[in-house]
Structure formats: C-alpha cells, structure tokens
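Read off the chains here:
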Amino acid sequence: MAIITLTSDWGNGNHYTGAVKGALLKQNPDATIVDITHDIPSFDIMQACFVLKNAFPDFPKGTIHLIGVNTEGGIESPHLAVKYRDQFFIGADNGIFSLLFDGQDIEAVEVDVIQDSDYFTFSTRDVFVKVAVMIAGGKGLEELGHPYQSLNERYAFNPVVYPDTIIGKVIFVDAYGNVFVNIDKQLFREAGKGRNFIINFRSPDDGISEISTSYSDVVPGEKVALFGSTGYLEIAINKGKASTLLGLELNDTVTVAFNEE
Amino acid sequence: MAIITLTSDWGNGNHYTGAVKGALLKQNPDATIVDITHDIPSFDIMQACFVLKNAFPDFPKGTIHLIGVNTEGGIESPHLAVKYRDQFFIGADNGIFSLLFDGQDIEAVEVDVIQDSDYFTFSTRDVFVKVAVMIAGGKGLEELGHPYQSLNERYAFNPVVYPDTIIGKVIFVDAYGNVFVNIDKQLFREAGKGRNFIINFRSPDDGISEISTSYSDVVPGEKVALFGSTGYLEIAINKGKASTLLGLELNDTVTVAFNEE
Amino acid sequence: MAIITLTSDWGNGNHYTGAVKGALLKQNPDATIVDITHDIPSFDIMQACFVLKNAFPDFPKGTIHLIGVNTEGGIESPHLAVKYRDQFFIGADNGIFSLLFDGQDIEAVEVDVIQDSDYFTFSTRDVFVKVAVMIAGGKGLEELGHPYQSLNERYAFNPVVYPDTIIGKVIFVDAYGNVFVNIDKQLFREAGKGRNFIINFRSPDDGISEISTSYSDVVPGEKVALFGSTGYLEIAINKGKASTLLGLELNDTVTVAFNEE
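Listed in order, the protein sequences are those of chains A, B and C.
Counting the first sequence from 1 gives a position; my numbering is that position plus 78.
Counting the second sequence from 1 gives a position; my numbering is that position plus 78.
Counting the third sequence from 1 gives a position; my numbering is that position plus 78.
These are calculated hints, taken from the structure and not from any lab test.
The C-beta atom is built at its ideal place from N, Cα and C for all residues, glycine as well.
Each hint should be verified, as a subset may be incorrect.
Beta-carbon label-pair distances, calculated as ranges [what the hints assert, rightly or not]:
id: 1; chain 1: B; residue 1: D194; chain 2: A; residue 2: G140; range: 36 to 44 Å
id: 2; chain 1: C; residue 1: D295; chain 2: A; residue 2: E300; range: 48 to 56 Å
id: 3; chain 1: B; residue 1: V239; chain 2: A; residue 2: E154; range: 37 to 45 Å
id: 4; chain 1: A; residue 1: G140; chain 2: B; residue 2: R267; range: 43 to 51 Å
id: 5; chain 1: B; residue 1: P138; chain 2: C; residue 2: D108; range: 15 to 23 Å
id: 6; chain 1: C; residue 1: E300; chain 2: B; residue 2: K319; range: 37 to 45 Å
Turn these sequences into a full structure, and let the hints guide you.
So this is what it looks like as structure tokens:
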C-alpha cells in the first residue's frame with residue numbers, strides 16, 4: 079500500500095487538491111494520500127522546501143512525495159523523479175531539488191511520461207500522478223525516464239560564515255510566530271567551537287546568549303532560542319508570538335556573534 | 079472499499095468535519111474519505127458547484143460525493159441521491175444539482191432516510207452519511223427513496239451569446255488569483271467559428287486576443303487567456319495574481335468580441 | 079485498523095501535521111488518520127476542548143485522539159493517556175482533560191514513554207505517536223504508565239445558575255458566525271422547569287424567547303436560538319452571520335431569564 083504525499087501552493091478553497099486525489103485513487107485505489115500542506119505562498123519554492131524538508135524524514139521508506147509548486151515542465155525545468163534515502167520525490171526541476179538535497183547522494187531521472195490533455199497548467203494531476211502510480215506499482219526510476227545529472231541551483235538557504243560570526247536570515251515563520259533561521263545545529267557547533275555567543279536580531283542590545291531545549295526553559299512572555307524539531311535555529315517566545323513581538327519577518331537578518339578566540 | 083468525498087462551507091476550525099468523518103468511519107470503517115474542500119463561502123452554491131464540477135470527473139466510478147452546503151431538507155429542497163456517470167451525489171436540492179448536471183442524463187431519488195436526532199441543523203452527518211453508507215454497501219438508488227423528476231433550477235452559470243459577442247462573468251477565483259469565466263471551450267469555438275477575437279474586461283483597450291496552452295506562453299507578469307484544466311476560459315498572469323492586478327472580481331463581466339463575419 | 083485523530087493549533091502551512099502523520103504511518107502503516115482540526119487558536123485549550131468534545135462522540139469505539147495543544151510535559155502537566163467510553167485520548171494534563179470529561183468516569187495513566195530526541199518542543203510526534211501506536215497495537219493503559227488520579231482543573235465552561243436566571247458566555251463561534259453558549263440543553267431544562275424565558279445578549283430589549291429545531295424555523299435574516307448538534311445553546315441568524323450582525327464575540331455574556339415562579 080503506497081503512501082503518497084502532496085505539498086503545494088494550491089490553497090484549499092478550490093478543486094485542485096480534490097482533482098489530484100481523485101486521479102490518484104482512480105489509478106491506485108489503495109493509496110494512502112497525505113496532505114503535507116497546500117498553504118505554501120504562491121510560487122514560493124523556498125517555503126515549500128522548508129516544509130517538505132522538515133516533514134519527509136518522518137515518513138517510512140518507499141513514500142512518494144509530489145511537489146505541486148511551479149510545476150510547469152520544459153527545457154529549463156524538466157519533470158523529475160528523484161530517489162533519496164529510499165523515498166521518492168516528483169516535481170519540476172525549478173530549484174527545489176537542489177535546496178532539498180543540497181549536494182547529497184541522489185538518483186534522478188527526467189521522466190518521459192506523456193500527458194493526455196492538451197494544456198499544460200496542471201502537471202501534478204496530468205504527469206506526477208502517473209509517475210507516482212508507476213513507482214507505487216514497483217517500477218524502478220530507470221524505467222521512468224533517462225538519467226538526469228545536475229540539478230538546477232537557483233536559490234540558497236546558506237548563511238555566510240566568518241571566523242567569529244554567522245550571518246543568517248529568517249527562512250520560515252510558523253503559525254505560533256516561531257521564527258526559523260537558516261543556521262543549523264551542526265554549523266552552529268562547528269563555527270562556535272564551544273565559545274560563548276550572542277544571537278542578535280533587530281536591536282543588537284537585545285540578543286539571546288543561550289540555547290535552550292524547551293520553550294518553557296524561560297518564563298511565559300520571554301524570548302528563547304533553540305534547535306527544535308527542524309534542526310534549524312529557532313527564535314521563539316514562550317506562549318507568545320515571536321514574529322510579531324520581536325518584529326522578525328521572512329528574510330530578516332539574524333547574526334550569531336561568537337566571543338573572539 | 080468506498081471512496082467518499084466531502085465538499086462544504088463548514089470551514090476548518092470547528093467540529094463539523096471531524097463529526098462527519100467519525101460518523102462515516104463508525105458505519106463504514108473501510109471508507110476512504112477525501113476532503114474536496116471545506117472553504118466554500120457560507121451558503122454559496124455556485125462556488126460549491128464550480129469546485130465539485132471540476133474535481134469529480136477525476137474520481138473513479140462508484141465514488142460517493144457528499145455536498146454539505148445549504149443542506150436543510152424540506153418540501154422546497156428535499157434530500158436527494160443522484161447517480162451520474164456511475165458516481166453518486168448526495169445533497170439537498172437547493173439548486174446545486176441543476177448547476178452540476180445541467181440537463182445531462184441523471185438518475186435521482188428523494189431519500190426516505192429517517193434521522194435519529196430531533197434537530198435539523200446537521201443533515202450531512204445525520205442523513206447524508208447514512209445514505210452514503212447504504213450506497214457503499216451496494217444498495218441501489220431505488221432502495222433509498224422514490225424517484226425524483228425535476229431538479230430545482232435556481233441559478234445559472236450560462237453566459238449570453240450574440241452572433242459576434244459572448245457576455246460572460248467571473249465565476250471563480252483560485253488561490254493564485256487566476257480568474258475563471260463562465261465561457262467554456264466548446265461554446266467559445268461554436269460561437270467564434272475560427273474568427274479573430276478580443277477578450278475584454280475592465281478597460282476595453284486592454285484585451286487579450288489569443289488563447290494560450292500554458293501560463294508560460296507569455297513572459298512573467300504578462301496576462302494570458304487559456305482553457306485550462308477546468309475547460310472554462312481562464313484569465314491569468316504568468317507568475318502573478320490576475321484578480322488583483324487586473325481588478326477582476328467574482329461576477330465581473332468579461333466579454334469576447336469576435337470579428338464581424 | 080486503528081483510527082487516529084489529530085486536534086491541534088499547528089495551523090496548516092508548515093511541517094507539523096505532515097511530520098506527525100509520517101511518524102504514525104512509519105510505525106503503523108495501516109492507521110486511518112483523521113484531521114479534526116489544526117486551526118485551534120494558539121494555546122487555546124478551551125477552543126480545542128469545544129471542537130474535540132463535539133466531534134469525538136461520532137467516532138467508533140477504539141478511536142485514538144491525539145491532542146496537540148500545549149503539549150509540553152513536565153511535573154505540572156504530565157503526558158496522559160485517558161480512556162473514556164471506549165475511546166482513547168492522549169495529551170498533556172494542561173486542563174483540557176478536566177474540561178473534556180468534566181467529572182465523568184475515566185481511566186487515566188501518566189505515560190512512561192521515553193522520547194528519542196533531545197529537545198522537547200514536539201511531544202505530539204515524539205511521545206504521543208508512540209503511545210497511540212502502542213494502544214493501536216493492543217496494549218492496555220496499565221502497560222503504558224502508572225495510574226493518574228486527579229486531573230488538573232484550570233478552566234471552566236460552567237455558567238452561573240440562579241433560580242430564575244442562567245448567566246452564560248459565548249464559548250465558540252463557527253465559520254457561519256453561529257454563536258455557541260456554555261448552557262446545555264439539560265441545564266436549560268432543569269433550571270427552566272418549562273417556564274417561559276427570554277435569552278438576552280447585548281441590548282436586553284432584543285432577546286429570543288423561543289427554542290427552534292432548525293435555522294429555517296425563522297425567515298432568512300432573522301435570529302434564532304436552538305440546541306443544535308452540539309447540545310449547547312446556539313444563537314444563529316438564518317442564512318446570516320450572527321456573530322457579526324449581533325455583535326457577539328467569544329466570552330461575551332448571554333443570559334437566560336425565566337419567568338418568576
């Protein structure tokens with residue numbers, strides 16, 4: 079029984095999700111379909127990547143993930159099926175794959191599936207569903223298309239790293255107003271080498287110089303920094319909305335200043 | 079294994095969807111339940127129709143669709159079960175069935191199911207679920223009630239057609255701001271007979287005189303017209319929000335002017 | 079085949095729901111997962127309780143409900159598994175259990191599950207999922223932890239009752255703008271003893287002195303009171319938005335004045 083997930087910018091008040099699920103169930107009535115989200119801001123590859131990157135590792139081997147953001151195919155962004163850690167990802171090579179896998183070892187093919195309809199606005203339903211059903215049916219990637227070598231690199235999550243400073247930025251804000259910064263735990267450790275530090279944003283006098291393991295390490299209303307379930311640096315306010323209270327928005331700069339060695 | 083879909087105006091922050099799914103699973107634990115949407119604007123039959131009309135054709139035969147909008151039964155809008163192209167539709171005859179099937183050949187019964195509760199505010203849970211479970215269990219429509227002849231016709235999607243002009247209106251706007259007009263491909267072809275045309279909206283100097291097959295037939299930021307996955311005329315902006323940028327709202331007039339013969 | 083529901087304040091545009099579903103399916107691929115809602119306002123135990131309380135009774139025996147609101151464990155709010163009417167509820171004892179079960183006969187244990195990760199911000203995924211999978215696999219509550227006696231009581235839904243008056247408040251507003259008051263049918267009957275009454279809110283001249291069984295007992299645009307699908311007093315406007323039109327918000331006072339005996 080295949081598990082197939084959907085991540086998209088379709089929103090929820092229209093027919094897109096229903097149509098894709100109908101098409102999946104028509105071709106594979108036993109599929110377990112999971113919505114990751116359909117609330118990605120329109121065309122926003124980076125948000126889509128953040129969400130999928132932090133959800134897919136929890137899924138079992140063999141799970142098939144459809145990426146319904148900027149799906150128009152073509153020479154510049156061909157439709158791919160990618161295998162990574164025994165899971166599958168189907169989407170257009172619009173930059174999201176390089177963000178998702180970031181130099182990791184993947185297997186990728188450009189899919190040769192011919193769609194039936196004569197318009198090209200709904201590739202998730204008309205192409206990706208077919209590819210997913212073939213993978214669910216046991217076909218190997220090599221049967222779906224021809225090998226694809228170098229992923230498009232159009233965006234980068236990476237922060238800038240100096241000996242005593244990391245300059246990062248806000249890459250996601252969740253529904254609680256928790257703010258996620260593109261600095262992960264490993265980078266923080268390697269750059270910091272155990273030194274004291276201060277995390278600065280907005281007004282530099284108001285930084286955080288400690289990493290917590292739980293929101294409630296501070297009293298309600300107080301700000302806290304932690305490496306939570308995503309592995310990224312997270313700035314939060316216990317029982318409060320950090321994005322609003324601290325005035326932090328997407329793409330705002332967050333720096334970590336380590337004590338000079 | 080029955081596939082049962084839900085289309086409603088319940089919204090998502092309350093108990094309605096959960097209660098209906100619970101009731102379905104209590105009576106049919108193997109059902110595959112699919113949310114088409116719960117974000118229909120309150121009481122808006124036309125939006126509900128647009129969404130369901132563009133989603134159901136992708137579902138397999140035997141699928142059962144519950145329509146949770148304006149569900150109060152009674153003499154003026156009895157509860158119906160309708161069979162169309164081997165799929166089933168359960169709802170109140172509030173006008174949506176005539177919109178959905180538009181003169182097509184259907185089989186309809188007024189259902190005789192008696193609800194258990196003594197209030198009448200939640201027919202989807204208390205009536206439609208029972209009907210769905212009976213259909214899923216193999217009962218024919220004739221076992222569920224008595225034949226129902228003429229559907230209520232309360233609304234119309236139809237545009238006005240003159241020899242050289244079609245006067246339509248905006249019937250849907252999706253999450254991208256793509257605008258859908260009540261002019262379908264077939265009507266456009268029959269009325270146009272291959273003539274040149276201009277699609278006008280708002281300022282008449284600013285029309286579109288070409289039909290594309292893909293958003294990216296134009297450069298990002300440029301407007302484009304196409305008959306996309308719905309079959310309806312769609313006005314979009316490549317990678318932009320047509321509704322906002324072109325000032326097009328629900329019910330706004332869109333005309334197609336063909337060259338005089 | 080286990081049915082597992084999710085009720086949370088995660089919102090829908092992020093990775094939380096996907097991660098939890100992935101973890102559930104990894105450990106129990108046959109689970110049927112049902113979203114009750116993820117649109118609870120952040121940290122709002124009372125809204126979460128209202129929604130879950132009105133959804134769970136429709137689910138079949140054996141259903142397992144995960145409560146993803148204020149989930150941080152600890153001495154003050156330990157993680158519990160509760161059995162009530164042959165259904166299971168997993169969450170932190172932050173006050174929601176006493177609201178949900180309100181003195182009913184329950185079986186509760188504090189769970190002894192050790193989470194694998196070293197941060198404590200995502201208990202639903204890292205603790206509750208494990209507990210759910212153990213229950214789904216047939217383990218009894220007594221195998222999951224040690225008995226837990228007295229639930230935290232931090233909130234109350236209860237109205238104030240005088241001989242001739244009930245003073246209640248608005249506890250929920252649904253997507254239609256229907257307003258729910260913390261006065262249930264049983265209390266209303268017991269306090270009223272069949273007397274005439276007037277339900278007052280905002281301006282006292284404008285009350286409702288009748289209980290209906292259906293919104294359409296009044297003409298469209300007219301206000302109506304009923305005990306609908308929740309059992310709570312509901313103030314609505316037929317085909318209209320009572321919350322806006324009557325100016326009723328969460329926590330506003332609503333009184334029922336009975337004729338003096």
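Results for each hint:
1. B:D194 to A:G140: 36 to 44 Å: 43 Å, holds
2. C:D295 to A:E300: 48 to 56 Å: For E300 (chain A) against D295 (chain C), whose Cβ atoms are near 52 Å apart, the range 48 to 56 Å holds.
3. B:V239 to A:E154: 37 to 45 Å: Holds, since V239 (chain B) and E154 (chain A) (Cβ atoms, about 40 Å apart) stay within the stated range.
4. A:G140 to B:R267: 43 to 51 Å: 45 Å, holds
5. B:P138 to C:D108: 15 to 23 Å: Holds, since P138 (chain B) and D108 (chain C) (Cβ atoms, about 21 Å apart) stay within the stated range.
6. C:E300 to B:K319: 37 to 45 Å: This hint holds: roughly 39 Å between Cβ atoms.
Checked against the numbered hints listed earlier, the structure breaks none of them; every hint is satisfied.
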